[in-house]
Amino acid sequence: MDGGVKVWLDKVWFKRPGGLLRKNSLLVWDQFSAHRTENTKRLAKELNTQQAVIPGGLTSQLQLLDVSINKPFKNNTREHWNKWMTEGKYDADWKDETPINI
1 MDGGVKVWLD
11 KVWFKRPGGL
21 LRKNSLLVWD
31 QFSAHRTENT
41 KRLAKELNTQ
51 QAVIPGGLTS
61 QLQLLDVSIN
71 KPFKNNTREH
81 WNKWMTEGKY
91 DADWKDETPI
101 NI
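In full-length UniProt numbering, the protein residues as written are 1 to 102.
There may be inaccurate statements among the hints.
Below are the DSSO-like pairs computed for lysine-lysine, each with C-alpha atoms no more than 30 Å apart in a straight line [said to hold, decoys possible]: (1) LYS83 <-> LYS41; (2) LYS74 <-> LYS11; (3) LYS83 <-> LYS71; (4) LYS74 <-> LYS23; (5) LYS45 <-> LYS83; (6) LYS41 <-> LYS23.
Label-pair restraints from in silico Cβ distances [claimed, not checked]: (7) LEU27 <-> PRO72: 20 to 26 Å; (8) ASN70 <-> LEU27: 29 to 35 Å; (9) LYS45 <-> GLY4: 32 to 38 Å; (10) LEU20 <-> LYS83: 42 to 48 Å; (11) GLN51 <-> LYS11: 16 to 22 Å; (12) GLN63 <-> PRO17: 17 to 23 Å; (13) LEU26 <-> ILE69: 16 to 22 Å.
These are computed hints drawn from the structure, not numbers from a lab. Ideal Cβ positions, reconstructed from N, Cα and C, are used throughout, including at glycine.
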């Protein structure tokens, strides 16, 4: 399960500014099990990266992408979807009309 985390660490985290030089860094994870394996901890240590794990149930309040991007995006999408549905534009045979213009 942590194979995807290894790929992400190699392809994204390692190539961020300062990653190639293995500068001290902090990586904030959620509680996903692959983020907490011994293999992931070892890889992070090799990259000179400290890990912090957000306690369960707090990701939506503390994880930067969830707070600043994902939540507003989901709220906006839900608003457009609800408007589309309540205006009666939904049809079981719908094919051509784009439901959401974002």
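Status of the hints after comparison with the structure:
Of the supplied pair hints, the one linking LYS83 and LYS41 is violated, its CA atoms being roughly 45 Å apart against a limit of 30 Å. With a C-alpha separation of about 27 Å, the suggested pair LYS74 and LYS11 falls inside the 30 Å cut-off, and the hint holds. With a C-alpha separation of about 18 Å, the suggested pair LYS83 and LYS71 falls inside the 30 Å cut-off, and the hint holds. Simply put, LYS74 and LYS23 have alpha-carbon atoms about 34 Å apart, too far for the 30 Å limit, and the pair is violated.
Taking the CA atoms of LYS45 and LYS83, the gap is about 48 Å. The hint is violated against a cut of 30 Å. The hinted pair formed by LYS41 and LYS23 meets the criterion: a straight-line CA distance of about 16 Å does not exceed 30 Å. At roughly 23 Å, the beta carbons of LEU27 and PRO72 sit within the given window of 20 to 26 Å. Restraint check, ASN70 to LEU27: a C-beta distance of roughly 18 Å breaks the suggested window 29 to 35 Å.
In this structure, LYS45 and GLY4 break the distance hint of 32 to 38 Å, their C-beta atoms being roughly 19 Å apart. Between LEU20 and LYS83 the beta carbons are some 47 Å apart, a value that agrees with the proposed interval 42 to 48 Å. The beta-carbon spacing between GLN51 and LYS11, approximately 18 Å, falls within the hinted interval of 16 to 22 Å. The hint said 17 to 23 Å for the Cβ distance between GLN63 and PRO17, and at roughly 21 Å that hint holds.
Range check, LEU26 to ILE69: Cβ separation about 19 Å, and the 16 to 22 Å hint holds.
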